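Chemist: Next come the chains, spelled out residue by residue.
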Amino acid sequence: MSLLELKNITKMYKDKSVLDNFSETMERGERIAIIGHSGCGKTTLLRIISGLIPPYEGELKINGKIVSGNGKVIVPPYKRNISMVFQDLALWPHLSVEENINFGLSIKIKNKNEIKRKTEEIAKQVGIENKLKEKPSTLSGGEKQRVALARALISNPDILLMDEPLSSLDTMLKLKILETILSLQRERRFLLIFVSHQFHEALTIGERFIIMEKGRVIKRGNRKEVKAYLESIEKRFKIETEKLSGGEK
Amino acid sequence: MEKKTVIYTFLGIFVLIGILPVVAMLLKSVLSKNGIDLSLYLNILSNKHQWTVFFNSFKLSITTTALSIAFGVLSAILFSKTNLPLKRLFTFIFSIPLFIPSYLNAVLWWEIMGKNGLMSKITTPSIAKICSHFYSGFSGSVFLMTITYSPIVMLLTMAYLNSINPSMEEAALLTSSWKRVLLKISIPIVKNGIIFAAMIVFLLSFGEFGIPVFMKYPVFPTESFTYFSAFYNFRLATALSTPVVFIILLVLLIEKKIAKQQTEITEYPNAKKPVINLKRSKIPVFTFILFSALMFYVLPILLLFIKSLPLTNLFHTLSDSLESVKNTITLGLIGAFSATITGFFIGYGISKNIIQKRESGDFFTLFTFAIPSTVSGIGLISLFNNGLTSFIYNSSLIVIAGFTAKYTLISNRITRIGINSIPPSMEEAAEIEGANWLYTLKKIILPLTKKQLMASFLICYVFCAREPELIMLTLPAGKDTLSVRLLNYMANGSESLIASLGIITLLISLVPVIPAMLLLKGEDL
Amino acid sequence: MKKFTVILAISLIIPFLLNSCSKRNREKTVVVYVSEDRVFSEPVLKEFEKETGIKVKAIYDTEENKSTGVMNRLIAEKNNPQADVYWANEPIRAEVLKQKGISQPYLSKNARTIPDKFKDKDGYWTGFSARARVFIVNKNSKEKPESILDYINPKWKGKCVIANPLFGTTTTEIAALFTLWGKEKTMDFLEKMKENKVLISTSNGESADLVAQGDYTFSLVDSDDAVNRIKQGKGVEIVYPDQKEGEIGTLILPNAVILIKGAPHKKEGEKLIDFLLSPETEQMLAKEDCAQIPLHKGVNPPSQLKEISKIKTMNIDYFEIAKKMIEIQPVLKKWIEN
Chain W
104 MSLLELKNIT KMYKDKSVLD NFSETMERGE RIAIIGHSGC GKTTLLRIIS GLIPPYEGEL
164 KINGKIVSGN GKVIVPPYKR NISMVFQDLA LWPHLSVEEN INFGLSIKIK NKNEIKRKTE
224 EIAKQVGIEN KLKEKPSTLS GGEKQRVALA RALISNPDIL LMDEPLSSLD TMLKLKILET
284 ILSLQRERRF LLIFVSHQFH EALTIGERFI IMEKGRVIKR GNRKEVKAYL ESIEKRFKIE
344 TEKLSGGEK
Chain U
43 MEKKTVIYTF LGIFVLIGIL PVVAMLLKSV LSKNGIDLSL YLNILSNKHQ WTVFFNSFKL
103 SITTTALSIA FGVLSAILFS KTNLPLKRLF TFIFSIPLFI PSYLNAVLWW EIMGKNGLMS
163 KITTPSIAKI CSHFYSGFSG SVFLMTITYS PIVMLLTMAY LNSINPSMEE AALLTSSWKR
223 VLLKISIPIV KNGIIFAAMI VFLLSFGEFG IPVFMKYPVF PTESFTYFSA FYNFRLATAL
283 STPVVFIILL VLLIEKKIAK QQTEITEYPN AKKPVINLKR SKIPVFTFIL FSALMFYVLP
343 ILLLFIKSLP LTNLFHTLSD SLESVKNTIT LGLIGAFSAT ITGFFIGYGI SKNIIQKRES
403 GDFFTLFTFA IPSTVSGIGL ISLFNNGLTS FIYNSSLIVI AGFTAKYTLI SNRITRIGIN
463 SIPPSMEEAA EIEGANWLYT LKKIILPLTK KQLMASFLIC YVFCAREPEL IMLTLPAGKD
523 TLSVRLLNYM ANGSESLIAS LGIITLLISL VPVIPAMLLL KGEDL
Chain L
5 MKKFTVILAI SLIIPFLLNS CSKRNREKTV VVYVSEDRVF SEPVLKEFEK ETGIKVKAIY
65 DTEENKSTGV MNRLIAEKNN PQADVYWANE PIRAEVLKQK GISQPYLSKN ARTIPDKFKD
125 KDGYWTGFSA RARVFIVNKN SKEKPESILD YINPKWKGKC VIANPLFGTT TTEIAALFTL
185 WGKEKTMDFL EKMKENKVLI STSNGESADL VAQGDYTFSL VDSDDAVNRI KQGKGVEIVY
245 PDQKEGEIGT LILPNAVILI KGAPHKKEGE KLIDFLLSPE TEQMLAKEDC AQIPLHKGVN
305 PPSQLKEISK IKTMNIDYFE IAKKMIEIQP VLKKWIEN
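Protein chains in written order, with our numbering: chain W, 104 to 352; chain U, 43 to 567; chain L, 5 to 342.
Bear in mind the hints are in silico, worked out from the structure with no lab data behind them. Please read all numbers here as calculations on a predicted model, not as lab measurements. Don't be surprised by glycine CBs; every beta carbon is placed ideally from N, CA and C. Hints may be right or wrong, so weigh each one.
[Said to hold, decoys possible] Computed cross-link-like contacts, DSS-like style, restricted to lysine-lysine with a CA-CA straight-line distance of at most 25 Å: (1) W:K117 / U:K46; (2) U:K258 / L:K337; (3) W:K213 / U:K485; (4) W:K175 / U:K399; (5) W:K211 / U:K484; (6) L:K238 / U:K171; (7) W:K175 / U:K45; (8) L:K32 / U:K368; (9) W:K317 / W:K110; (10) L:K161 / U:K171; (11) U:K258 / L:K338; (12) W:K279 / W:K234.
[Claimed, not checked] Computed footprint of chain U on chain W, listed as stretches where at least three residues anywhere in the stretch have a Cβ under 8 Å from a Cβ of chain U: (13) 184-197; (14) 205-218.
Same shape as in the complex, but just chain W (with noise of 0.2 Å):
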């Protein structure tokens, strides 16, 4: 039984589909990069996923449980045991870093000690333990990604979806972001959907790669078939750009 199976699932926007037909099943353990361009639908397969929205055909199944389908959400996102980090992190301004990152976890536990240590454990694994007591809008940016993977990963999910969270950051900070996350994907094994528009991030992080267009998979593998077949792309683009280049000469 695998962890997460997609089966044919389609979702419309007004008439127009944003995700046609997608199909996928994914393991306990794995980390699979989805790279697309803004709009070929990766974050509306995030969504659904999650829970956040209902499929508007199509069947999600956790441990082969139907977690969606019909159109509908069955189970809610949070008995799923799903983790996200969004885009835009979405961390609250007005609770402070321990409060965000233990927010999901003081509604499940009681007990204020144990929230307390696995709020300073999971800091401490992102490195943040400084900070608890501040206020997002004091971090930098590095900062909050590490809170927003902090408060995605305290309650041991088995399934961590990450909607291009690493885009607004300068690559040495981006390179010890990863660094973090594949150490703590190491150690939990959980599944790891990683969504990216950049390959360089993607392909460092994935070990199995989706490539979308216009809600459709374009090209499925695993890492040296992908990257031969974006260098291509890459390559065919380095050309056009040198024409245009050596035109304006």
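Guided by the hints, dock chains U and L onto chain W, whose structure is given.
Modeler: Leaving out everything else, chains U and L in the frame of chain W:
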């Protein structure tokens, strides 16, 4: 699911207490023994006089709105963007007229501008004559209504100006003078806020009754009112108040035309806001503002205060009206709370597309706001005064219902600004974390819209505290509020009694304003 | 702490909202809607409370909306009345309510000594403490007006005032003229008033002030307005119009009290009516600024005014006036606006 339940519950309450009573009145005005009878309406439409009065009302409210925008926006810029000294104090002083029932305001100014008023004592007879001539009819109404309603524009514009992303102004300042930045960047960004304020002022002045009556300027509300007061003809009176519907439609249309895109208002608490340095004009501007503050805002209040002296008299009046003070505060607080909450949920429903028809939501909240209190009051009586719901009619709940219906508009619009500025991901993140909607509401949405909620609450409180008509029609016998008491005694009561009641009413209207100002100190509203 | 505040708030709010129902049945109460000015009526009602121990719950009209408040409320509440008694400041409203089926008859023992012309014969309303419609005249004028017809006498051109006939007692007066003279003559009178440059003021109070200041010579006002100006030491005097043989007499407008049909506290309501119709109440209302003319014999009128029996009163039917008032409103409106 629970989200929808909550929102539809509030929507249902609003329909029940706001729309049904008025619709019942409207139905009665078209139904007669022989079925549908539109003759009343046809009569009104074909009556030339009605059109004249309608045009008067229109002229009056348009002029008032235009002047209020001019003064309100100018003072908002001065008080929120410049380095003018004492600007907080001025903001407060300029808002005072909003806290007093308009009829009292009219009488107060009569003491200054009237035939035997202050002006006749300190100036030449010819100037006094010009003053008293000015203080009547159209000019007098415009003058007083602008003083009364321009604070609404000022306060709302300030709230919006304070939430502009400073970098937008800074970017423009690199290439342009402040004048250009204000005209091309700041004001266009807060345009929607100004339009909203203008809308409120327009509707309030269109429905204003006390001031035009005092000034002997025939307007539409007095027409409808005459049919209530002289003929007790509810059908005709209701029919006469329906042009309000056209006015609302017009207002909505204009709003839709100019306020097309929703400007995104976000908070930048840590960024330092650029300040306009008045430099050499600082002293003249300050002198001018100080003079206007003293002349137009402090003087009438001072006069009122002097008339209420000695202090023992003031205390005596206070101890006599303790019950009314209590009622005013309690009804005001509960009314404002209820209107704010209802408006918030309807606003949430509209901005999250849970209430599908946004236009009709906007229409109905405007409708209950603009319809004359006499119509809605009598509608409430006829709907709730029966064996089944008399527990509502026989208690203060009926007044709360009336307030809620009337002022839902305010918080519906203001809190929507806050709700729209919360990124959807904030709520989704909470949902994924396992929070149900009510928990998300409590922990995320309400705290993030705190400022807008508080602003709506304050505005609603002030409106509730100064409103006499609805209370007169619906509050159970044996109770009154300060505004009603004041207007009761204005008939033949002694000057000092009226003055002391006026002072007390003003102070009580300020009750929640002062702690709120202290609470928000340092922060901007 | 938070929970505590919430509980505290709720426990304060709920009783406040509902207290009017819970207390309702325990104490003896009477609910009265009042159109007479609160300054004058409240002390009378307090006196009633003191004397009988019955709690009075009152709603008073406001100056701003003149009398829309309680009358409209009475009419709107018709199907489930909340009020027991209505204290009108003139009898026309009482007639309107009778015609709308909102009052019920009650013949108070104290009404017997009130002249018949000031009460409904079946007891649907009873008058007490009256105003007279008198001329307030500036003393500097050598000549005095004597009749309402002086408004159209060229000798007074531009020297007289009348309050806006669309509101208040002036409407009643004009309606009374319509019943006495008929439409043609009254309309002619109104038109000639215009030609004679009669000033239209907002209220009787303003008219009285204009005369007291000497801006105008005379105006028709309520007797209490005139008495007040005399008390303030203004150089004015009172003239009762049309007192001579063959003239129409002075219009008298008593307060009127009615018992509401279906009154929830009928017994207490009747007691209040008895009290209001007593000579003692009339005495209270004759004093000070209220200055109403008592209708009982033997109660002293304010010193500035005549006894009711010494005034030649206008011979009119309040019922007819009530009917006329509705009829003439459009006419008056047109007249005002042109």
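Chemist: A separate judgement is required for each hint: does it hold in the structure or not?
Modeler: How the hints compare with the structure:
| no. | hint | in the structure |
| --- | --- | --- |
| 1 | W:K117 / U:K46 | 22 Å, holds |
| 2 | U:K258 / L:K337 | 13 Å, holds |
| 3 | W:K213 / U:K485 | 16 Å, holds |
| 4 | W:K175 / U:K399 | 23 Å, holds |
| 5 | W:K211 / U:K484 | 16 Å, holds |
| 6 | L:K238 / U:K171 | 23 Å, holds |
| 7 | W:K175 / U:K45 | 17 Å, holds |
| 8 | L:K32 / U:K368 | 24 Å, holds |
| 9 | W:K317 / W:K110 | 18 Å, holds |
| 10 | L:K161 / U:K171 | 23 Å, holds |
| 11 | U:K258 / L:K338 | 16 Å, holds |
| 12 | W:K279 / W:K234 | 18 Å, holds |
| 13 | 184-197 | holds (count 11) |
| 14 | 205-218 | holds (count 4) |
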